[in-house]
Amino acid sequence: MVAVPEKLSLSLTINGTAHQLNVAPWTTLLDALRDRLGLTGTKKGCDHGQCGACTVLVDGRRIVSCLTLAVMQDGAAVTTVEGLATDGALHPVQQAFIDHDAFQCGYCTPGQLCSAVGLLAEGRAKTADEIRELMSGNICRCGAYPNIVAAIQQAMGQA
Amino acid sequence: MTTYIGAATSRVDGRAKVTGAAKYAAEFDAPGLAHGSVVTSTISKGRIARIDAAEARSVPGVLAVFTHTDRPPMPSEDSAYKDDVAPEGSPFRPLYDDVVRFNNQPVALVVAEEAEVARFAASLVRVEYQQEPHATDLHHQRQAANALDGHASEQNPFLPPKPRGSAQQAFAAAPVRHAGEYSTPIEHHNPMELYASTVVPEPDGTLTVYDKTQGVQNVQRYVAGVLQMSPEKIRVVSHFVGGAFGSGLRPQYQVVLAALAARTLNRPVRVVLTRQQMYALGFRPAMIQQIELGVSGKGALDAITHDAATVTSRHEIFHRQETGWSGLLYASPNASYHHRVAPLDLPTPCDMRAPSAATAVYALEAAMDELAVALKLDPVELRLRCYSERDQHFDRPYSSKGLRECYRQGAAAFGWDRRSPEPRSMRDGTDLVGWGMATGVWEALQVPIAVRIVLTGNGHAEVACATSDIGTGTYTIMAQVAADMLGLPLDNITIKLGDSTLPQSPVEGGSWIAASVANGIATTARVVRDELLALAKRMTDCPLADAAPDDVALADGKLVSRHDASRAVSIIDAMRYGGVDRLEQEETTKFEDSGAHAHNTHSAIFAEVKVDEELGVIRVTRVVSAVAAGRILNAKTAASQISGGVVWGIGMALHEETLIDHTFGRVMNANIAEYHVPVNADVHDVQVIFVDGKDDEINPLGIKGLGEIGIVGVAAAIANAVYHATGKRVRDLPITLDKLR
Chain A
1 MVAVPEKLSL
11 SLTINGTAHQ
21 LNVAPWTTLL
31 DALRDRLGLT
41 GTKKGCDHGQ
51 CGACTVLVDG
61 RRIVSCLTLA
71 VMQDGAAVTT
81 VEGLATDGAL
91 HPVQQAFIDH
101 DAFQCGYCTP
111 GQLCSAVGLL
121 AEGRAKTADE
131 IRELMSGNIC
141 RCGAYPNIVA
151 AIQQAMGQA
Chain B
160 MTTYIGAATS
170 RVDGRAKVTG
180 AAKYAAEFDA
190 PGLAHGSVVT
200 STISKGRIAR
210 IDAAEARSVP
220 GVLAVFTHTD
230 RPPMPSEDSA
240 YKDDVAPEGS
250 PFRPLYDDVV
260 RFNNQPVALV
270 VAEEAEVARF
280 AASLVRVEYQ
290 QEPHATDLHH
300 QRQAANALDG
310 HASEQNPFLP
320 PKPRGSAQQA
330 FAAAPVRHAG
340 EYSTPIEHHN
350 PMELYASTVV
360 PEPDGTLTVY
370 DKTQGVQNVQ
380 RYVAGVLQMS
390 PEKIRVVSHF
400 VGGAFGSGLR
410 PQYQVVLAAL
420 AARTLNRPVR
430 VVLTRQQMYA
440 LGFRPAMIQQ
450 IELGVSGKGA
460 LDAITHDAAT
470 VTSRHEIFHR
480 QETGWSGLLY
490 ASPNASYHHR
500 VAPLDLPTPC
510 DMRAPSAATA
520 VYALEAAMDE
530 LAVALKLDPV
540 ELRLRCYSER
550 DQHFDRPYSS
560 KGLRECYRQG
570 AAAFGWDRRS
580 PEPRSMRDGT
590 DLVGWGMATG
600 VWEALQVPIA
610 VRIVLTGNGH
620 AEVACATSDI
630 GTGTYTIMAQ
640 VAADMLGLPL
650 DNITIKLGDS
660 TLPQSPVEGG
670 SWIAASVANG
680 IATTARVVRD
690 ELLALAKRMT
700 DCPLADAAPD
710 DVALADGKLV
720 SRHDASRAVS
730 IIDAMRYGGV
740 DRLEQEETTK
750 FEDSGAHAHN
760 THSAIFAEVK
770 VDEELGVIRV
780 TRVVSAVAAG
790 RILNAKTAAS
800 QISGGVVWGI
810 GMALHEETLI
820 DHTFGRVMNA
830 NIAEYHVPVN
840 ADVHDVQVIF
850 VDGKDDEINP
860 LGIKGLGEIG
870 IVGVAAAIAN
880 AVYHATGKRV
890 RDLPITLDKL
900 R
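Sequence lines, in order, name chains A and B. Counting from 1, one number per residue, gives the positions in the first sequence under this note's numbering. Counting from 160, one number per residue, gives the positions in the second sequence under this note's numbering.
This is chain B alone, in the form it adopts within the complex (with noise of 0.2 Å):
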């Protein structure tokens, strides 16, 4: 039964968001509240030799004043900082020691009565260091930069794929071949959202964490451990989050500020990070990528090689499946692939929308147009002819797979068939046009995860689950689902999440929360209906008296025989005649995955860019993005989901960059003015088209989810359209004007 899934419904939380009714983690009071500033290292690299916080403390209002010798004792071992989602190494542990590892690091935390007082009595902070030399130039670390060893596994699914046939050979005899070196820049999520966090100690000894974060309950077991508590005595709670993109998959370090001084003070505090500040917080990694991609006498390709080379920082080592997504996407007999990790003297890198797809796609899409270049072939016809019908590191075939479909639909909605192929040959009136295209893929993951459903006589429930909700939907969907599992009407629905005290939940991250609390909800709502179908049948002649649980399905506020619709029984009378008016089940959903088949969702992309031929100013006046994701679970937030992210690629692709000047090893750049991000002007028509995506295999409801797959390829199409426009090939994002001349 479903009369809601799929539908366009608009987000269940629309109300709250528009009235400014929607409570984010800086924006919980409580009585006696203080406020805490941060004080941010200058150099990169070193040691702290002495903090003077005198002039600070003397300031009215003042109550106190951390540093890394003026604290309550923290733990010694890095186990205790360790984060569910946490890379190898030792975590960052905020006020701890006097060693500098990065710019712009915290070392001293100021509260005061007034945020503007901690402010102030924060720039009264002296600071000496004892400077070391410092490096943060990926192009000049490669050299240094550590390979990663061994092959992709099930428990090391980040390590470069195990090669195929000899792509060194194979590559050296194609007779046509292309071999280019592809840069990305750092970039920042820059979320709207500050990061905050509001801490309240209550009278019972336990702490109340109002947080921005993907995952309440990773932040909850991590403050558990660096303050040496009981997860039990900690409540965190962030039912919104003004986005995230993967920074708030982590904890970060504000909630360590904030918990220590709320500790230590017994009152609520609040530290709010500045914009400045959020940018010595996870990054998505720089990346230098060489392809060599090699094509047989069919004109098909015979060789990929994927190498990467990726920034870490000196105390963990971060990476992704990198360089895996080339030789996954085409068929070739031959691959191989290399990935060497950068330590430098930055703050690790995280996640950031779609790591490591959106810059190794971008990469690996615009060799592709080249060689189609090469080929004088159209890139859509090159990307048929190297279709993949089975996943190539393992040799299995996919759940599902609809990127033929989504070539063909995006390439008809675009008009890719009135694309003129010679570099300059479109125009319109002074501009150049420029039309691109290229190809994305994700994974589809599913996560272990606990809904809690709560039915009451009158019909109403309640659906619980630890998850968070950063603006993808997730409330909307949860309501859209429950309602259809269970019968009842979407207004009946109440969608409680965001809370560590609810059923168990992963961080919202990877696309994966959609198809796992989905899901979830159904193996839940089964429950619900088996209890209700007991309760109904202490009915004297109960119409469903011999009815078995799966024959019976709850619709209209029923439980309704799936043989015949007119035996039936109310939700209500089932609940009145069973004598309950309160019906309670939690279930934890696991995901058994044999390994036969692979999850991807695909997407095929294409772009139009107005090149001004004089200033090289670009636009992108129209993208198409056709996606095969599955089942699509509200068409509207859906879509809002895939627009979304084709505006980070245009970002990607043209706007995007962390300068660092790495004299200093300071960002330049931090500050959302500076750091160009997308503004409305910038985006013009984005059309997006979701094929049928069918996939009964992957789960029982066929979702795949939709957070990354939206920006991958993006970059490259548009990267792809300002050659066709120019005849000019950029290699090193973002594209800005002065690599057109």
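Bound-form chain A, shown alone (with noise of 0.2 Å):
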């Protein structure tokens, strides 16, 4: 018999809402927001650190959530893709992409969304350019660019 790991109990803020939760320690903060507790918006691309598609804010951070376990996130504040709007309403950078096309599959948005609500936090971005350079972590493979850079550029004039 193999054993695997006890499970340990954390709590987390998520979206506001204070989650507990008992997951093994080798859960990352991705599994245990798509399996344990059902928020499916952010995605999984590669497991890996290396796509950016599980993107999501850690006390205002953007970190890619794969590359976190659940346990090192202990006593966080987490905002995930279904915590950007409040109260039905669009955050300025969803709307943005809306009005932008700035995806089409749309697999990789909710990464690039808390991506770019990290970079415009940041305030480091003031050009396309350099948009351009700290969202490359963010992989869009239907190839939205353009579109994802002038739509962080209009949300950024209504920052």
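The hints are simulated quantities; they were obtained by calculation from the structure and are not laboratory data. There may be inaccurate statements among the hints.
Some, not all, of what chain A presents toward chain B, calculated at C-beta under 7 Å [to be verified]:
#1 51
#2 94
#3 106
The calculated lysine-lysine pairs, modelled on DSSO-like cross-linking and capped at a C-alpha distance of 30 Å, are [said to hold, decoys possible]:
#4 B/241 / B/749
#5 B/182 / A/7
#6 A/126 / B/795
#7 B/241 / B/392
Listed next, the stretches of chain B that the computed footprint assigns to chain A, with coverage defined by at least 3 CB atoms under 8 Å from CB atoms of chain A [claimed, not checked]:
#8 350–362
#9 393–402
#10 427–435
#11 626–635
#12 803–811
#13 825–833
Just so you know, even glycine gets a beta-carbon here, dropped at the ideal spot from N, CA and C.
Both chains come to you apart, so use the hints to assemble them.
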């Protein structure tokens, strides 16, 4: 009989709601969100931190949720794509993505959106080239990049 | 009446996609859901001598381990595994026998209560092999490749076209000529969504299959064949597809594994492939092409020969129309084609965005650029001299061809007239600047399709078809077309797709769905109009009492006389007076093609690159793509389709290459960091132009489709720009910086 690790309890505040979870130490934050909490808006595209589809905001910073274990985030505040809109009103970045057709299949989109919200909070990107560089951790295989840049520029103008 | 068709409408599924509400195949939950993890082979050819799964089975939470010796019965005949788009040969059967046909082939499935446990236990499965020598390198096997005999016909469209004239003699006699060999590597689709299936056994004995696919009814028939079930007992659902680009045309093996496990365990099972495992699905075949172009004394093409060698598997013969694009695109009295296919110990290749054209037109258009240099002629001028007014293969007119306008508008938008022809003659600071161009061509295809419209008494309509939306915008264009055809506001239209219980649709691919489903909606809408008119005529003093159906249109929520707009009955009134609160019609649209016309889309691509002279780093700073593709249904999503194709062309030209260690027959860069796809910083200014593409002949709505044409020619335009910048001609893609040394 091969042993599997004991589950540990942890608390996460996700999109403003407190959650208590029992997960094994090997469960990533991404799998905890998708499989344990049913928050499937956060996407799995590689599980290796290479594609950015799983980007969420942890305590306001954008991270790839496949490269962090859930237990490492005990006590953290997590914002996923499901938490970007408030009371049904889309976040300006979400609306800008629709306006500029900044997605096609939609699978990288939650990660792009969380990454863009994190980018705006960082305040580092001023030019289109800086947006391109600082959004390059989020791959869009449909190739919506020019529209993603235009959408972020629109949202920056409103911020 | 076109209020919506053509307008730059935002995606109707946009809100679902930006809020995370859109659900993909691995995101459907079910009580008691179990998780499968796949074990794949570490050798490329041979037999499985032994599988020891005892340790894996001993892990708490493991429910079952399936292998070729430990699985439910599977059918023994090939026909049971043939999907709608399977090529000739024997389809791969996961966990069927002990034969290893390619590296990374599935050899076991571990199913457990939790995904992490399944994955851990899968790492404990020990497999012993009897290894056999393998071959995976096209460049070593090209002499062993098998020639495709015969010529292209309606029945066999993927054979080389019939030659014309005497290309060899004309080439030998040509005063100016160019001959070159061009190679392109294996590429993988890498859709962002991992391949996944969630299979739920229902209490009534049926299966619900949530699958990542471009064709729910193809998967339905396929799973029915493999599981020996009646297709009616299988429902396949795929409302959203996280990219596919051709990889989802054929059912993938995880759907078989999930279905076998779910049926055996009688509980829902989800199987998600890893990114690494997706490199053992289909791929764009590597290709070696030899092109010879000869020019007559008049300075126009007199001879084209196009020879291609491509890759297939040992078990299936996959090929497309790799050689015919050259002789189709340009007028040349003499042309000949040869195509050889090398069977290798790899999975069967499959269609990938603009299959055959993306690679073949790259070689042709790079060769044309070299010919223009030899002739000291502007590359656009050479193409205009060889412009074909008729389909060269079948000597027939095009239903429409706007390529001349693509050259004109594309060149103007790009500023092509400011190009200095000499290589290395343009600079921006320390960067060498290169301007290149190329032509693109694709087919405008149409397929039989069925559409159901349900109109309710409140003036809302549900429009249903079992097609897919793989990100192309099918939901949106269907809603736009339906709104116009039914004369209703866009918000009153609900689209249902991606469900095998809906009216018949073939797989979504080849750029054929937009034309097919839009005209299909128009067909059914006409029948809805006829029924509404019949209902309206039950009114006393109906203003349309004597109107024939074709004299009446649906517009602004009304049946309106085409001759006298004051004669009208609202749809709501027609249904109320007719005594119905629900009206349902379903029609199948078939596209009769007499063969009198050729149907193609065209494009002209102009690209600017800047090359760091010391480091060899290439940036694509500007691309203009001018496209002639018939009527554009949605200016916004259409531009996105083409722009996305340009991004694919950038990847093809500069980044993408599946690298196999041929000693082991194993992909070395089976991940999305080392298989380079374009990222945001790789893409700069992309401008898309749609030239007027009116086509009254092709179908009633004049639609040609856009999914493929965006990529075709882009890699050549960039490669030609790199030559113009550096004076160095790289003939094997991708053009990585080491090749510029």
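Going through the hints against the structure:
For residue 51 of chain A, the suggested interface contact is upheld, since its CB lies about 5 Å from the closest CB of chain B, less than 7 Å. Hint on residue 94 of chain A holds. Least Cβ distance to chain B is approximately 4 Å, under the 7 Å limit. Hint status for residue 106 of chain A: holds, given a least beta-carbon distance of 3 Å to chain B, under 7 Å. Restraint check for residue 241 of chain B and residue 749 of chain B: the C-alpha separation of about 24 Å stays at or below 30 Å, so the hint holds.
Proposed proximity of residue 182 of chain B and residue 7 of chain A is supported: the alpha carbons are some 28 Å apart, at most 30 Å. With a C-alpha separation of about 26 Å, the suggested pairing of residue 126 of chain A with residue 795 of chain B holds against the 30 Å cut-off. A distance of roughly 19 Å separates the Cα atoms of residue 241 of chain B and residue 392 of chain B; the hinted pair therefore holds under the 30 Å criterion. Here the region 350–362 of chain B counts 4 residues with a CB under 8 Å from a CB of chain A, which clears the bar of 3, and the coverage holds.
Look at the region 393–402 of chain B against chain A: 4 of its residues bring a Cβ nearer than 8 Å to a Cβ of that chain, three or more, so the hint holds. As drawn, the region 427–435 of chain B meets chain A at 3 residues by the rule of a beta-carbon pair under 8 Å; at three or more, the given contact holds. With a cut-off of 8 Å between beta carbons, the region 626–635 of chain B has 4 residues touching chain A; three or more are needed, and the interface restraint holds. For the region 803–811 of chain B, the assignment as covered by chain A holds, since 5 residues bring a beta-carbon within under 8 Å of that chain's beta-carbons and 3 suffice.
Residues of the region 825–833 of chain B with a Cβ under 8 Å from some Cβ of chain A number 3, which satisfies the need for three, so the listed coverage holds.
Comparing the model with each earlier hint shows no violations; every hint is respected.
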